[in-house]
Structures are given as structure tokens and as C-alpha cells.
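> Given the coordinates of chain A, work out where chain B should sit on it, guided by the hints.
Okay, here's what each chain looks like letter by letter:
There are 2 protein chains.
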Amino acid sequence: MKPAMKKIYLFSEGNAYMKDLLGSKGANLAEMVRAGLPVPPGFTITTDVCNEYLSNGGRFPTDLMPDILNALKTVETAMNRQFGDVDNPLLVSVRSGAKISMPGMMETVLNLGLNDQTLQGLIRQSGDERFAYDTYRRFIQMFGSVVLEINKEYFEDILDYKKQHLRVQNDADLTVNALKEIVLAFKEIVQDKTGAPFPQDPMTQLQQAIEAVFRSWHIPRAVAYRNYMKIEHDLGTAVNIQAMVFGNMGEDSATGVAFTRNPATGEKELYGEYLLNAQGEDVVAGIRTPQKISDMAREMPALYEEFSEIAYRLEHHYMDVQDMEFTVEKGRLFMLQTRSGKRTIQAAVKVAVDFVNEGIITPEEAMLRIDANQLPQLLLPAFSQSAMAQARKSNHLLATGLNASPGAATGEIVFNPDEAETLAEQGRNVILVRTETCPDDVHGMIAAQGILTTRGGNTSHAAVVARGMGKPCITGCESCRIDPKAETLSIGDKILQKGELISLDGATGEVFEGAIPTEIPKLGPELEILLNWADETRVLGVRANADTPADARKALEMGAKGIGLCRTEHMFMAQDRLPVVQDMILADSLEARKKALTRLMPMQLEDFKGIFRAMAGHPVTIRLLDPPLHEFLPNREELRIALEQQIKADPYEENVKAQAAILKKVGELHEVNPMMGFRGCRLGLVYPEIYAMQVRAIFEAACDLVSERINVQPEIMIPLVGHVSELKALREQLEAVANEVMNRRDIWFHYLFGTMIEVPRAALTADEIAQYAEFFSFGTNDLTQLTLGYSRDDAEGRFLVKYLEKGILKENPFEVLDVAGVGQLIEIAREKGRIMRPHLKLGICGEHGGESRSVQFSHQVGLDYVSCSPFRVPVARLAAAQAAISGRDRLEALHSAKTVLLTEP
Amino acid sequence: MKPAMKKIYLFSEGNAYMKDLLGSKGANLAEMVRAGLPVPPGFTITTDVCNEYLSNGGRFPTDLMPDILNALKTVETAMNRQFGDVDNPLLVSVRSGAKISMPGMMETVLNLGLNDQTLQGLIRQSGDERFAYDTYRRFIQMFGSVVLEINKEYFEDILDYKKQHLRVQNDADLTVNALKEIVLAFKEIVQDKTGAPFPQDPMTQLQQAIEAVFRSWHIPRAVAYRNYMKIEHDLGTAVNIQAMVFGNMGEDSATGVAFTRNPATGEKELYGEYLLNAQGEDVVAGIRTPQKISDMAREMPALYEEFSEIAYRLEHHYMDVQDMEFTVEKGRLFMLQTRSGKRTIQAAVKVAVDFVNEGIITPEEAMLRIDANQLPQLLLPAFSQSAMAQARKSNHLLATGLNASPGAATGEIVFNPDEAETLAEQGRNVILVRTETCPDDVHGMIAAQGILTTRGGNTSHAAVVARGMGKPCITGCESCRIDPKAETLSIGDKILQKGELISLDGATGEVFEGAIPTEIPKLGPELEILLNWADETRVLGVRANADTPADARKALEMGAKGIGLCRTEHMFMAQDRLPVVQDMILADSLEARKKALTRLMPMQLEDFKGIFRAMAGHPVTIRLLDPPLHEFLPNREELRIALEQQIKADPYEENVKAQAAILKKVGELHEVNPMMGFRGCRLGLVYPEIYAMQVRAIFEAACDLVSERINVQPEIMIPLVGHVSELKALREQLEAVANEVMNRRDIWFHYLFGTMIEVPRAALTADEIAQYAEFFSFGTNDLTQLTLGYSRDDAEGRFLVKYLEKGILKENPFEVLDVAGVGQLIEIAREKGRIMRPHLKLGICGEHGGESRSVQFSHQVGLDYVSCSPFRVPVARLAAAQAAISGRDRLEALHSAKTVLLTEP
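Heads up: the protein sequence lines correspond to chains A and B, in order.
The first sequence runs 154 to 1058 under my numbering.
The second sequence runs 154 to 1058 under my numbering.
No wet-lab data here; the hints were simulated from the structure.
Incorrect hints may appear among the rest.
Identical chains blur together in the list; that is why a pair holds if it fits in one copy or across any two.
Said to hold, decoys possible - In the DSSO-like style, the derived pairs of lysine-lysine whose C-alpha atoms are separated by at most 30 angstroms in a straight line are:
id	residue 1	residue 2
1	160	226
2	748	955
3	817	801
4	333	316
Chain A on its own, in the form it takes in the complex (with noise of 0.2 angstroms):
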């Protein structure tokens, strides 16, 4: 037997180290409570208990009530009441609150405690009968659906047809009377739902609910909400149970959330909503639209002094931008959470150098705060400034809501959000436009290029998961009018149908009529600031995969320090060259092969030059020819349809011999495994003429640039080798090539002979290879691809997908490195290459390159470094920080140092 471990603690035993075991939300509820804020009194269950609760098969445990009544009576004592007392009731409201912040996908349910006899208590108690009706029909109907698991529906048609009956607009216009009618009807359809009447004894209601709280772990939107941010589904829930304190009690009580800075653009300000007479969840469920929390300075102005003021000692207690829950109860206020604040990757940047600038944390820790892998989003397209300009000229400015999370998105208007999947999995973009989003709308909202919802704040659900998925969004646009019948969605005169194009821009909050053309916006000047800080710290080199002059350029403009794989196919694919590049295929002799190359040679030596041109100073590793011949012709079937119609119409048409001629090649061409067959080195040695005209190119071209006193170095890299031979072989042909270029002109530049690591042989045997390669770029797309024996284009979409779901891979490692097996050859080849040439330069140029714990990874085991597309080299460039910071200590290290804040008092 298991010694028996804590299961309950009380808010004053915990703090803010003990998220694992509290969970975010009660680990933070007993921080407040050491650190002396008003928070009501409450305990926490652990997530242990709810992990063995689930493991169990949903068995409660045996000796968890007599703890509970325990630590009820502690909160009894504190708040002078008792729980389930018909004179002076406690009530209760359970709350979920897992390790790491779900807002919104698990159940919490208030009010708890009510039944027949105590709602006379509550009365008594509060001196409001309305109040105390209003609290206990919004509880059955709350632990109706929740716990009861009833259609909530069946409550809400109910609160409707009163409320069109009575002709009042708002839950608190109804009557005392209406809510006494409401009641006993909530109650008949519990009784009429579950065939039992609504349950009286307060126990069993917080027995219940404590179920009902552990179980939301595995609801479809809390496992997607999981999958999606990447959160272990083995974390459980903890669950806290704390006194209720009302915001709806009248004038002089309130309820509001606020952050104590702007989460979507970080600037210095506090930033929330707040209700006067409401509970907490009207703010959140958005069915109010709230105030600013500006306001609350001219209508409750010493509650807003006291409310600042504890939101600067927290954020400064937690060194950290903080998300605030309170509530006031007839001019007395309470904290009822705080937690770190959800904020887009832009804030995120703006608050880390704030913070440094204002003392409170070292740009060391303001580089760790950052998620790399979020920078890209700062350089996603923007809408271009002009053509919005143009936009609000030509009246296509439809209406402007709240910014809620920056962005340009670009869709047809959907409004369901299965229908908002089912056409994403399709490739098309789709905007969810919704009056308010809930949790079960998550699905909808991953699928969508942005949101656009006519109510809601800036602290609705529909905001925050916004914020934290880094999407646009825009809330509150109240001029925007949904008919769900008709589907269309109407501002003023303007009815747009489903399916029309509307565009979000989520930093300013205006709603287009059409697409307007994106551009690529700059870095901005905090990240600019950050990544100068990374460039100083960091000990990895950074380079970008650039096919282009363009490319290079905009390779340069984000930091990279050199090209680290360009992919002459590319140049291949070019619409001026595939006719030439078909010719040299279709060739049926070395000769008439060769003079197609001789017709691309000038094409490639002006690329090369631009290229060469752009990374002046810059190493540039030049990959030649890879992919299977067969990609530079047409599709077999397409290809067979349009001969067969050609030659129906007309046989003797001059076209239909060099169609079958392409055809017959197509044929020859086809290949089963196309991924492991015909391509790479394989194709440079039965070929040789290919990659002898791609060298002539490159030298000739470095030449030219040399004579203009242009500095150029040259890497030549071999793609797919398995074999030391095939590397030895080609070295010979290739260095005869470049000898003979740089003899004629009388040119001598330094330039490198090196090889991908893509196959594992050539990991297992880099000893051997090292022989002849002056650099390994280790191309890990290819090299995961035949190390874990899965085809990229078939995997992803399909059992990859299944595997990620049902836990057998943790992460997708075409995204993330597999460390354990890819890792593993790449640190087999490190040793061996190293072994034999022991300046070996090594590099990594797959699409982990941009990948931040993958360059960590390539910090750690010692590469010189990693290269990748021009948009992840702000990711690589922090996360090559990030990892020299963290120096020799094992990744864990790193990520604990985010999630672990400082927080002595």
C-alpha cells in the first residue's frame, strides 16, 4: 500500500510552487492568500486524486469525504457560516484547475449549496429575495448541465420564452416572480431529464460536482484544447472549493477581469472589463457586453486605488504579467484569481524588454520567457497599409469591433464551426463570425483564419483563446448583426451570404468587405532588441535555407549569417527553364543531353551570381541537383487523359509524337518509392553531366564575382549520400570540374566539398564519409523520414495524426526533432566525422532548423549550425540563445525555468 498522501489542502497550505499538485489556479489562490490579498477562504483537491479517480474507472475515493468535511469547516469557521445551515448557509462554488491554464475547457459550477431550505437562509442572509431566487435558479441550471449533464438548451429556452413573455431584455429584469416560476420549472426538467428529483442534500451536490470536475478532464474540447497547445494528457485537474462571494448583489457589488498590462500589444496599462450586479461568468461567457475597467475610476474609485494597487503588487510578485479574476461584494473586494497572462507572442516581446528596461528581470530572463516558436507569427502577413487605406476609401470598411488579437486573416464567412472544419480540411480559409464563441466552439476556432464575434469583450473566451492560439480576432462588434436562418450577416444595409470573402484586422479591429493583399511586415524594434541580446549569447551559428537573390536578402534582413541550403531545383522549376530542363530529360543521348545543359548552364550561373552576390562575406552552401527526374515532367494520369483526347480528335496532330514521347519517359520514370529511389547523388553519378554543368556554373559565377573583388565562399554539398564511394567518386568528377574553371581564369577562391547526412548510412558510417566531406549538413527532413521509416507526404494527415491523438508520439517529428532515434545518428555522425577530420563543420539544414528545442538540441551535441527558412531565423537565432543560457544542463532545465516563477513575498 501506498503511504497515504495529502489530499486536501487548504489555500493557506499551499503556494505557488505547487502547480503540479494544486494546479495553476489553486497554487495561485494560496500565493495571493500568504502574500495577504482578500481572497475567500477555500481549499484545494489535488491533482492526484483526480488522476487516480480516473485511473480507477470514476471510483470516488472512500476517504476523501471525511478530509473534505475537514477543510469545509475551516472555510465555515472563516466565513461564520455554515454549509447546508437553513438559517446562515456557506455556499460554494467548485472549480476545475489543471497545471497549466485551460481557461474555459473544464466545468466549474457556483452557487453550490443551495436547495429549498437553505434559498430560505440565503434570503434571510442577503435581505434580497430576487437576489436569492436569481442565485439558485442559476445553479440548478448550471449543475443541471454540468453535473447533470442536461441539454443546457432545455434551461436557456426556458430563461427565453420568460424573459419574450414578460417583453424584458435582460436576465435581471425578470421579477421575483418569474424567478420562482423559473425555478420550479428548472427543476422539472431535472426531474424530467434524469428521473430523479433535483438533488436536496448539499453533500451530495459537492460530491457530485467534484465528479463532475474530474471528468472534464477527458471532454473532446478539453483533449482537442490539449492536443492543440500541446499539453500531456496525464496532468489531470485539481479542484478548488471556496466560499462564494456575490457580484451580483446589487449596485454596490461587481464582478471583472483585468491584466495588468495590454495582452495583445504589451503596453503598460491596466486592461479588463468589469459588470456591475453580475457572477464572474457573464464576463467571460460575453452575454454582457462589459465596461473598460478605466471606468470603474470614476464609478467605484476607491475599489479601483485598491484593485491597482494589487495588481502591481502581484505583477511584481510574479515578475510577470498577471490575469486577474475579482469580485465585489456591496463595496468589498476580492481577489478570486490571478494567473500568468495569456498574450500574444507580440506582448509577449514588448513586456520581456519592458521588463528588462524597468529593472524587474535580466535580458537573460526576458530571452527564456520567450516561446521561440512564436516568433514567425510576428512576421506573418500583414495587410498591406495602402490597400487598407484604399479599402476604407472605396467603403469597403464594414464595421470596427474590439482588437481582441492581432492579425490579418482573409476568409469566407462561416458560422458553424463543424461547417468552419469541414471546409478548412478542405484547404479553403474560413473566418468564424459568431455572437459570443464557447468552449465548444474550439474546434471551429482552430480551423479558422480568425474570429469575428458580435459580442464579447476583450476578456471574452472568444479573446483569449484567440490570444493563445496567436489568431486574429476581433469581439464586440456589436453594428454586425448574425441571422443563423438565413446565414447571413448584416451591417446596416449590407447582407452578406455565407461563403462571402470578409478580412480581419485584429490590430486595429476593422471588418472588410473582400481580401485585401497582404505584405511581410519588418521586425519590429523590441525584437530587434531581443534577438541583438540573443546574437550576443548565443554560440550557434545561424543560417537561412534561400533559393533566390531574393530569398538571400530576406535571409540577411532577419540575421542570417550566410546560406545554409540552397536547392538548385528550384532554379530547375523556374517557368523560363522547365522546357529546357524537359529537353535535357527527354534526351535520348549524352549529346543531345548535353546541350540542354549547356542551354541552362548561363541560366543557373546567373542565379548563382545574384545569390553569391547577396551573401557577399556570407558562406553559401550550394546543393546540387536532388529530386527524382520525374517531378520536372507532368502527371502520368493527367498526361495519359490529355493524349488519349488529343488523339481522338486528332491523330495525326503534329504535338501527339513528342506527348508520347513524354508519356513513354513518364513511364520509365515512374517509380514506387519515388522518396528512395532515382534521385540525389544517385542521379549525379548516372548523369555525370548534370552536376558537372551545375559546378562549371557555380565557379564561373564565383569567379566573375571575384574579379570584382566580391567576397564569395563557395560550399558545394553532395544531397543523399549512403556511400563513401559515391561521395569519393563524385569529389573526383566534380573538383576536376572547379580545378579546371579556376585554372582557365586564373582565379583561386577557398570553397568547401561537403555532403547531406540524410540517409542513416551515412550517419552510421561518417568515419568513412568524413573522408571526403569538409562539412555534413545533416538534412533531417529526409534523414527522419528513413530513420523512423515514415513517408512524410503519406504520414502526415493520416497515421501520424492517429499516433499524435492517441499518445504514441508525443510531438510530430517532422516538427520537432526525434532526438531519441534521429538525434541519436546525428550524434553517432558528429563522433564519427569528428573522429576523422575533427573540424568538421556540421550543420543541420532540415526544417528543425527553425525549430526551438531542435536548436537546442543542435546547441547542445555541438553542432557549428543550424539553418532554415528566412521567417524561423528569429526562432533560431533566440532559441540558439536560449540554449547557450541553459547551458550544459539538460533541456528540462530550460523549460522549468518558464514555468517555474520566482515568488517569495
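Relative to chain A, chain B alone:
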């Protein structure tokens, strides 16, 4: 400068160990001289000189000629003749001779040293003008074609014209005057074709002939032969220069070749042929059909006795079958060559076992002498005895020739080697039918199923080469006549056209019309003895890959001790099951899929029962479903065309809808790289019900047999595992099924759960995987594909051919295990796997499990067993014994033990 190496060795200076330097022929001539046998004097130019010559682009070493003159002096002294002397000329032969004998592949020049002047000396020496002119015309003819590269048909045409003109049949019937005219005509051809007179200077002749022999290392037929026999291309040839002796000096002269044992069957008998009054090439070339060597006992009894004794001495000296050439010049016997006799694998096995019985070698030596990889030839289909009897009765026996090389072959008649090659490439079986074969025909012989010649004996070119290749061959079938123009083969009245089917029985020499049905032979008695020695010697286990009860029985017969790979998909492919399997694949719900599986289950159950019954007492490793599902569905393109046609014909036909559904599914299942796609355990994890059904069938079957008191040892094998989570999840699911069955039936037996290691990542993380695997079976086919990045379907027959031709790879890695790459992964997996689980059972079940060098590797790295197809089980048994004999030494030691023979006289 390198120290000057000895470039030339007199025969008296060499010995049999010096094959690297002197070639096989040179080393053995030296050895015979050492042993005191009658050998015409001579010397050998080393292989180093040849390699120097070839790598210098054909520059004759400047310092070679003086050494040649020196060596020549010794020969002149011994023979008491002078090279180039008008009165008493020495004639020499110039012969190639590589380290590994390549019979007839390279060039030879005889009678060198003759010119218009020395001709007169030869007339005086021999006292035979006709002999001298015949020798001169032979010399011009041979030198002209071999050295001066004049098409030999020019010479043959003149010879034929003369014979027709004089109405004689044989060269021997040409008169002196005719020969004089022929010599004149030959010299004119030389003048005409080379623009220069026939070289009269003997030293010039000698240098040119030596260079021609050097060059002949690279002629196409020699390259093709080396590729076929897997002889390295950088060995070079030695050149042997030897005093001529003449078998054509009258009826007391003769020339012949003989083996010490029958090279086709291994029978202990002097086996060979000779021709009176002829030169050696007349026998080999099959120009005249020679007499059997046994006739010599009657015609030349003393010489026969002398020769027999020499043959006995040589066989005991070399402890191996000898293939000898001799010449009798005017009653005096000269040995011109001895070498290890090429023999069929059948003869090799009999000789090795006989040698042990005769006390010449030990059983260990006998085992080392056999190339295990050739054993499957003994199990090639032979004609069914009853079918042959029937064919004889039905008058389908066309003719009987010499049984030159055993085996059964059926194919289309082809007269031209090029055509044979072309047709064979199209997948057609051909029989090459020739009057005689010559080295230029080798590519056609490689392509053919069997060879039939109408002339030539058992030591003719066709016979020697065919035996070397293990290919059925009938020679000297003189009742057949070939009409090359009409392309017909006639026997008596019967005229067979090109393309008609004939069957050859190489063991009996019978030629049949049409195709004769074949059957699989049993292991012969000597092979049984040899393999029993192997079983007593080896430590490595040998199992077979078998998918059906019949396969399992065959496997036992071949000596397998268990099944290492039972592929359950082969059960799915059976004609009666495929529709059910297709239903299962097309099922659009879990229910429908389960329903189809329920129908499959009893069929699989019966298969497993049959296999367990056949393998009672032995382990049976069953691999759960592996291939991608589309392999069970029709081809997409064919399906599309068929459907289009059906729709055109009758769009309302019932089948259309079903076909369209299949087409849709085929489209969904289509993969870019199916080898790396949705297959193996990926299938098993996404559709758990498939593996569950298979495991249920296995355990129900096993329970059935256990209740019959039959010992079953199932081993459940999961394919394509790359990550421990895959195996963990499946093990949990499937052990639950296994336990459910055993529990329900209350029958318990021991079984193992394990995995194939065929994904590189699995090998690299073997420590993790071994936590859930009780055995690993290396699927070296797929492991080779992924480690090298070669799609076998695309590589073999395409770029792999080029790689082998260019020497980038020495071996096809799908035939011989790639030790450096794939082998390294196996070693890593063994190391890591056994750290986690010391008694982890390890085996190989790829095709490499039946290849001798790969089996030796398996022994060396400490695997427990290999598993291969039943017909390769003898290979594995013998190779495992060879590995055990060679102990911990490297493979090289073993190989050299096979090539260096004991030679102390």
C-alpha cells in the same frame, strides 16, 4: 620512386602460392616445374605489370623488354633453340592468366616467333613443310585477329573458300600448296586491314602480343564474366610466355584436356578428351569433336599410363580435382596447365565428401570447400521422371548429346546470343542453340536457361562455362543441324522454328520437344552427409520462412528447426479469402469491419493449426498483418479503365456502384511511398480489431493443438515497430486477447511476444523496445531499404545496376548484407537490447538469412538463429558451420582458406 619490383618470374622461380602475382596458370605451371613434371620452359610477367600498363593508359614499361630478353635466354638455353633464329627458331605461346581462372575470356597467341625466314627454320627443324605452313597460317590468323584486331571472319572465309574449292572437309586435309596460298592471302588481309605488312620482327610480335593480352583484361566478355562471377575488376592478368610444343606434328602427336574427376557429377574417373595431330585450341573450341580420354588407353597406352600417374600426383599434391591440359609432341608428353577443376555444385559436394572418405581432407575442410550459396542449385526443379518417360514414349525425345552440365531447362529456341539477351530481359525463357560457343557468346549464355551445341565435347567452351554458371548444357549433339539463315533446328525430319519450345536435361543429355513438367528434388546422399556434419558443427540456429502447412513440411525436410517468419498476409491473399479481405478493407464502419474479420478468423485459425501441427515441438514466429491495405485491392489505373468501359457499356449495371466504391477506396489508400506508409503496426494500431482477430486465431489454434497434446511454441511478432510506444500499446491490447482465450479455455502454454527490427529507429532505441519484446527478428530486407534509402522495387534493375557496374557498390546489398551500415545497426540493437534483456532472443528473417556471408555475420555478432526460405535452409546450415569453424577470426581468414591450397610437393 618505388623500389624496382621483380617483373618477371621464370617458372622455376614461382610456386602455387603466388597466384596474386603470377596468376593461377603461371603459379601452377611453376608448381608443376617444382614437382618435376614435364613442362615446356617459360616465364611469367606479373599482374602488377599489367595493372601498371593499364593504369598508365597503355604505355609499355620501358624497362620491361631487357628483362624479357633475359628470361627468354633461359628458355632458349633449355630448348636449345633461338627466338627469331632463321635456322633453329624458338616459337613461344603468349597466354593470359588471372589470379582467378577465367577460362577463354582473355586472349592467347600461339606459335609466336614465326616469319617468312624462321618459317624455313621450322621446316628444317620439323622436316614437315605442311606442318610448318599450317603453323604459320595459324599464327597469322591468331595474331591477326587477337593482336591486330582484324575481324576473324576474314580469315575464316578464306579458309572455308579454300576447303570448298578443294572439296575437303577438314583443315587437316588442306595441301601444302593450298596452305601456301592461304598464308599469302592472310598476309594480304593484314596489309589491307591495317595498312601495314604482317610484322616480321619476332620481338615486335612479342611486345604486341603481350600488350594484346594486357588489354584483353578489359574486353567486354571478360568484364561481363567477372560481373557474373563477382570477380573484382582490379586484379589484372599475368602473361605466360612458354616454349611451344606441337600436338600437330603427326599421328604420334596429340593434344588434350582432362579432369581428375567428373566435373559434372563428381564421379571418380579420369574425364576428358584429346585429339590426335591437333593444337590445343582445337579441343577447347570444339572445332572437331574429340575422342574420350579413356580411348587413349588403347591408342597410346604408355602415354596414358604416364598421364594417369601425373593426374593422380597432381590431385594429391593440390588435394583437389585438377583440370589439366597436355600436349604430346612426337610421343613425348608435356603438361601445359593444371588448375583447380571447375565443377558443378553437385560434383563439388560429392568430391568433398569422397575426399573425406579417401582420407585426403577433414570434414571441416570439406565444409569450407563448398560455396554454400550454390547449394540451392541442387534443389532447382528437375524434370519429373514420369513426364520424361512419357515424353520418350510419345516420340518427343529429339536427340541425345553429351551431358555437359546437369539441370533441367525449358525455353524458346534462340540462335543468336544478342537475341537471347533481349528476350530474357523481356522475361522470356530461352535456350541458346549454337553450333559451338565462343567467348563472345557469354552474354547470351548468361541470359539463357540452358545451352545446346551441336559440336564440341565435355570440355568445350560451352561445357566449361555452363558448368561454371551451374546452367544446364548439352554439347556435341551432332544429330541436330542448325540452318542459321532460316533460323531452324532440324533433327531427322523434324524442323523446329526459332521460338519453339524445347527442354534440355543436362544430366542425361536428352533434348525434348516442348515443355516437360518439373519437380523439386530431394537432398542427395552426399549433401545429407555434408549437412549433418554442418549441424554437428554450427552453433547458430536455422529456421525457415514458411506461410503454409506445406511450406512448413518442406522446411522440416530441408532441416529447419522452426519457423522464423510466417507472413500472415499470404493467408489473406489466398483466392477464397481475398473477397472477404476486400470486404474488410471497404467496410465503412467498425461494425462492418469486425463482421468481415469474423469471417476471416476461422480460415486463419485452420492455417495456424496446420502450421503448428507440422512444426510440433518447434517455435513458430507469426508476423501479424504487414503490407499496406491497397495491396489487397486491384490496381488503380486498371480499375479506372475497367470502370470507364463498364459505364460506357451499361451505366446502370449493378456492379458499377461496387466498382466505384472500390476505386474510391483505392484512391484513398493510394500512397506516394507505400513502403514507408500505412502498414505494419501502424495498421494494427489504427485498426486494432485486425490484430485482435489474428491473435485470437493463433491462440484458439494453439489451444486446439495443446488439447491434442501437441507441443506448440508460438511467437507473436509485431512488424515495423519504430517507437517503444507502438509495441507497448499493442502488447497490452494483444496480451489481453491472448489471456482471454487461454483463460476461457483454461489451457495455458508458453509463448513469446516480440517484434521485427526493420526500422532504423527501432535498432537505435533497442533498449527501450526490449522492455516490451522477448525477441527481435531483424527484417533485413526493409532494414536495408531504410538504412540505405533504397526502394528495392526502384533500385534493383535501375541505378543499383549502374552502381555495381561502376564499382560504387561491390555487392547488391539486398543479396549480401551491408555489414558496415545495416550490420552496424544490428550490432547496436543487439548491444542495447541485451543490456535491457540479457536473454533477448535474436534472429534474422530477411532474405539475407539464406546467404552465406550474411549468415557468417549473424554468427559473428552472436544472433541466436537465421531464418530463410526453405530452399536456402541448406545454405544457412552450411554457412553457419563454416562460420563456427572459422571461429572468432574475420571472414577474410575463411575466404583465404578456400583459395590457398596446400602445395608442398
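> Honestly, which of those hints from before does the structure not fit?
Structure breaks no hint.
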